[in-house]
Amino acid sequence: MYRYDEFDAKMVRERAQQFRYQVERRIKGELTEDEFKPLRLKNGLYLQLHSYMLRVAVPYGTLSARQMRQLARIARDYSRGYGHFTTRTNMQYHWPKLSEVPDILELLADVEMHCIQTSGNCVRNVTADHFAGAVAGELEDPRPICEIIRQWSSFHPEFNYLPRKFKIAVSATKEDRAAVKYHDIGMEVITNEAGETGYRVFVGGGMGRTPYVALEIGKFVGKEDILAYLEAILRVYNEYGRRDNIHKARVKILAHQLGADEFRRQVEVEFAEIKRHGTLHLPPEELKRIEAYFAPPAFEDLPETAPEFEAAVKADAGFAAWTRSNLTPHKAKGYAIATISLKTIGQTPGDASAEQMDGLAQIMEDFGFAEIRVSHEQNLVFPHVRKKDLPAVYARLQALDLGAANAGLITDIICGPGLDYCALANARSVPVAMKLQERFADLERQHELGEIKIKMSGCINACGHHHAGHIGILGVDKKGVEFYQIQLGGSGAEDASVGEIMGPGFGKDEIVDAVERVVETYVSLRAPGERLLETYRRVGMTPFKNAAYQEQMYAAY
Amino acid sequence: MPLIKNGAFVEDRFVFIPEGQAFPDEGGVMVTLSRFQSERDSIIAHHRPVCVRLAANENPDVLKDDLPNIDAIALEFPIFRDGRAFSWARMLRERFAYQGEIRAVGHFLYDQLAFLMRVGFDAFEVRQDFRIAEFSRAMAEMTYVYQPSVDRRKTVMQIRRGE
Amino acid sequence: MLTANRLLAGEVVYWQGGDWQPDSAAAEIFDEAEAAKAALDAAQAFVRDNKVVGTYLFEVRKEANGVAPVKEREIIRSLGPSVRRDMGKQALMPVPPAAAKPVHETSPPPPYPEEPDVSI
Numbered sequence: 001m002y003r004y005d006e007f008d009a010k011m012v013r014e015r016a017q018q019f020r021y022q023v024e025r026r027i028k029g030e031l032t033e034d035e036f037k038p039l040r041l042k043n044g045l046y047l048q049l050h051s052y053m054l055r056v057a058v059p060y061g062t063l064s065a066r067q068m069r070q071l072a073r074i075a076r077d078y079s080r081g082y083g084h085f086t087t088r089t090n091m092q093y094h095w096p097k098l099s100e101v102p103d104i105l106e107l108l109a110d111v112e113m114h115c116i117q118t119s120g121n122c123v124r125n126v127t128a129d130h131f132a133g134a135v136a137g138e139l140e141d142p143r144p145i146c147e148i149i150r151q152w153s154s155f156h157p158e159f160n161y162l163p164r165k166f167k168i169a170v171s172a173t174k175e176d177r178a179a180v181k182y183h184d185i186g187m188e189v190i191t192n193e194a195g196e197t198g199y200r201v202f203v204g205g206g207m208g209r210t211p212y213v214a215l216e217i218g219k220f221v222g223k224e225d226i227l228a229y230l231e232a233i234l235r236v237y238n239e240y241g242r243r244d245n246i247h248k249a250r251v252k253i254l255a256h257q258l259g260a261d262e263f264r265r266q267v268e269v270e271f272a273e274i275k276r277h278g279t280l281h282l283p284p285e286e287l288k289r290i291e292a293y294f295a296p297p298a299f300e301d302l303p304e305t306a307p308e309f310e311a312a313v314k315a316d317a318g319f320a321a322w323t324r325s326n327l328t329p330h331k332a333k334g335y336a337i338a339t340i341s342l343k344t345i346g347q348t349p350g351d352a353s354a355e356q357m358d359g360l361a362q363i364m365e366d367f368g369f370a371e372i373r374v375s376h377e378q379n380l381v382f383p384h385v386r387k388k389d390l391p392a393v394y395a396r397l398q399a400l401d402l403g404a405a406n407a408g409l410i411t412d413i414i415c416g417p418g419l420d421y422c423a424l425a426n427a428r429s430v431p432v433a434m435k436l437q438e439r440f441a442d443l444e445r446q447h448e449l450g451e452i453k454i455k456m457s458g459c460i461n462a463c464g465h466h467h468a469g470h471i472g473i474l475g476v477d478k479k480g481v482e483f484y485q486i487q488l489g490g491s492g493a494e495d496a497s498v499g500e501i502m503g504p505g506f507g508k509d510e511i512v513d514a515v516e517r518v519v520e521t522y523v524s525l526r527a528p529g530e531r532l533l534e535t536y537r538r539v540g541m542t543p544f545k546n547a548a549y550q551e552q553m554y555a556a557y
Numbered sequence: 558m559p560l561i562k563n564g565a566f567v568e569d570r571f572v573f574i575p576e577g578q579a580f581p582d583e584g585g586v587m588v589t590l591s592r593f594q595s596e597r598d599s600i601i602a603h604h605r606p607v608c609v610r611l612a613a614n615e616n617p618d619v620l621k622d623d624l625p626n627i628d629a630i631a632l633e634f635p636i637f638r639d640g641r642a643f644s645w646a647r648m649l650r651e652r653f654a655y656q657g658e659i660r661a662v663g664h665f666l667y668d669q670l671a672f673l674m675r676v677g678f679d680a681f682e683v684r685q686d687f688r689i690a691e692f693s694r695a696m697a698e699m700t701y702v703y704q705p706s707v708d709r710r711k712t713v714m715q716i717r718r719g720e
Numbered sequence: 721m722l723t724a725n726r727l728l729a730g731e732v733v734y735w736q737g738g739d740w741q742p743d744s745a746a747a748e749i750f751d752e753a754e755a756a757k758a759a760l761d762a763a764q765a766f767v768r769d770n771k772v773v774g775t776y777l778f779e780v781r782k783e784a785n786g787v788a789p790v791k792e793r794e795i796i797r798s799l800g801p802s803v804r805r806d807m808g809k810q811a812l813m814p815v816p817p818a819a820a821k822p823v824h825e826t827s828p829p830p831p832y833p834e835e836p837d838v839s840i
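Protein chains in written order, with my numbering: chain A, 1 to 557; chain B, 558 to 720; chain C, 721 to 840.
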């Protein structure tokens with residue numbers, strides 16, 4: 001993974017000092033709260049319902065063991081002993097004090113981490129496939145270009161006061177695990193007829209109040225040109241994105257309003273000028289230099305399977321279940337990609353305690369080349385584990401209460417913090433997610449139901465990506481009472497689609513039953529091998545809607 | 558309002574003349590874009606120093622043919638969060654090779670000064686109590702830059718490559 | 721009741737007797753709109769002094785054993801996250817508080833002073 005040189009290191013140190021000065025000025029009143037807020041947001045610091053919240057950047061979802069230990073230490077010393085992993089593969093602390101944040105930034109800088117641009121109207125964390133560098137079928141590891149984009153976008157003088165936030169994601173496989181079509185800019189690594197690798201560039205995807213799937217703007221952008229192309233897109237957005245209405249300020253509004261052809265035309269004008277200028281040309285040697293940091297570890301020459309692994313599968317039903325849901329085939333023989341579910345039933349989805357983080361760091365060091373990934377579905381991933389080590393890894397995970405065999409299954413619920421934490425939320429989301437987990441806790445039933453992605457948000461800002469849920473749930477406030485709207489058929493993968501709203505919301509005591517009726521409808525209608533998403537796409541909303549509301553229908557008589 | 562240029566307080570050579578008010582006989586004038594456009598010929602014929610003041614939503618390319626006759630352009634920040642002027646300044650410097658003064662006016666922050674300099678601003682209308690030491694401090698907060706900009710500062714990539 | 725967050729600590733506080741303190745049970749209750757407005761105005765001195773941010777009034781109603789906020793949001797804010805009973809103010813309380821039942825009719829909520837252009 002990337003290692004800071006003296007320049008990167010100095011940047012994050014100076015950024016921490018810069019923020020310390022901003023805090024001093026705020027305390028003295030030299031900055032008003034209105035002035036200070038965007039500045040603290042650019043260091044990931046929100047004022048939430050109970051306290052401040054600090055969002056730490058995890059660039060392209062990659063962490064070292066050393067970094068994980070530091071995150072644990074900060075959790076212990078500054079944030080009540082736990083942290084939360086987000087749908088943008090970052091990590092956030094719910095309880096820091098403003099007065100301590102400059103110190104926290106220094107501790108992060110000690111391990112090559114920061115909170116730069118994790119919020120605010122600027123380019124945010126660039127995300128990628130959490131299986132990058134490990135999965136088969138990858139054209140190449142998308143993370144080197146993410147690192148290059150990270151540097152280009154950090155402290156960008158022209159684009160730090162955009163109309164709104166700006167999110168970029170990169171995918172390098174047919175399967176899109178980075179939800180690129182739901183980002184402001186999504187990039188797909190592709191090859192052209194000449195066999196060159198480059199990027200297909202999409203613009204204008206997003207969740208929130210008005211969900212959109214991104215438009216193809218750049219059919220093929222060569223690697224040497226990609227920074228110039230991104231700069232052109234950002235410039236068009238900075239100049240013409242709406243600033244009169246925050247609900248219409250994302251680039252998705254501009255792009256869809258202009259239409260793909262006109263938006264592309266404007267981008268091409270800027271792009272041509274930037275190319276002529278030449279300063280944003282990305283030299284192939286520079287790309288190679290960064291790629292070297294991401295070279296895969298030296299994999300051993302191993303047989304496809306290991307006797308320790310096979311024996312454990314036979315002997316331990318729990319381990320066997322975990323291998324079915326939480327493992328993904330690795331490109332190297334004898335290795336596996338292991339997903340660590342942060343959705344243990346009974347715990348807040350996506351949260352990890354300091355002890356768990358330290359335990360994970362130890363596993364990383366002992367079995368995982370000291371590397372871990374964060375997915376945008378609020379789980380963690382060991383990208384490279386020898387199959388023969390999996391039983392030992394599983395045992396350690398179990399001891400940490402992180403052995404849930406539910407990755408991608410119905411209890412693997414992606415959930416924004418909701419009204420329990422968030423000042424913007426309308427309804428609580430986590431208690432409902434936990435009740436759903438309890439309802440579907442039976443592991444055999446979960447595996448039998450197959451892949452079902454439930455995504456929940458506590459408000460229209462859609463931090464839980466509910467528009468991209470096979471079953472999406474949106475918490476709303478109706479006259480002071482929490483209600484939950486169901487959507488069906490959303491997908492954040494390469495078959496991106498926005499979920500269809502079923503109808504009026506369900507009360508917090510009804511929603512779990514309603515979801516169960518939806519699931520039972522799926523079971524009754526599914527064709528062999530069909531996931532809930534496919535069944536929905538085949539039969540439509542009506543059967544699900546009828547089943548979900550049947551109580552109400554009967555009650556009306 | 559105090560004006561900073563080249564790291565020091567300087568005399569402002571322009572006076573803002575609101576719509577409808579007559580120009581003084583001599584001296585530099587600052588006018589809105591619409592006034593410049595409607596009185597352009599007489600302003601230029603008078604050979605007086607002129608600064609055109611653009612609102613945040615006014616694209617400077619409308620001035621491109623007149624730039625040789627414009628001594629300064631003031632780009633307004635209605636609120637510091639409105640970052641369009643960063644792109645307008647860049648456009649003036651890079652697309653149109655504008656050499657005159659580009660001034661930041663309105664509501665912007667100390668924390669934006671370094672970025673403003675990078676994209677081509679060279680003059681800053683600041684609050685009455687602004688201390689000049691703050692300006693040099695702002696310039697020194699970040700030693701390195703990652704990306705190229707109008708100021709042509711060497712980027713980290715270039716340093717790494719020994720350029 | 722009148723509430724805010726402390727600037728430095730971020731802690732939720734409630735107005736009582738011309739100053740701020742962390743316990744909603746001890747907070748001053750305003751029966752009259754005028755008294756509420758007067759307190760809100762007086763509170764701005766603390767904002768100007770950079771001690772608190774985000775002052776606003778919110779509705780409470782009488783319950784059998786005291787008063788409780790009308791909105792779920794304010795209930796949660798006075799206690800802590802409902803999913804982590806060991807976190808927030810509720811963790812410091814000797815006895816688990818009785819949760820207020822939400823009502824169906826309320827007047828429009830006072831606008832939360834967070835700027836609308838902030839989102840996650």
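Take the hints with a grain of salt, since some may be wrong.
[Stated by the list, open to error] In silico lysine-lysine, BS3-like type, Cα no more than 27 Å apart, as pairs: (1) B:Lys562 with A:Lys223; (2) A:Lys97 with C:Lys771; (3) C:Lys791 with A:Lys435; (4) A:Lys479 with C:Lys782; (5) A:Lys508 with C:Lys782.
Derived from the structure by calculation, the hints contain no laboratory data.
Comparing the hints with the structure gives:
no.	hint	verdict
1	B:Lys562 with A:Lys223	violated, 40 Å
2	A:Lys97 with C:Lys771	holds, 13 Å
3	C:Lys791 with A:Lys435	holds, 22 Å
4	A:Lys479 with C:Lys782	holds, 19 Å
5	A:Lys508 with C:Lys782	holds, 24 Å
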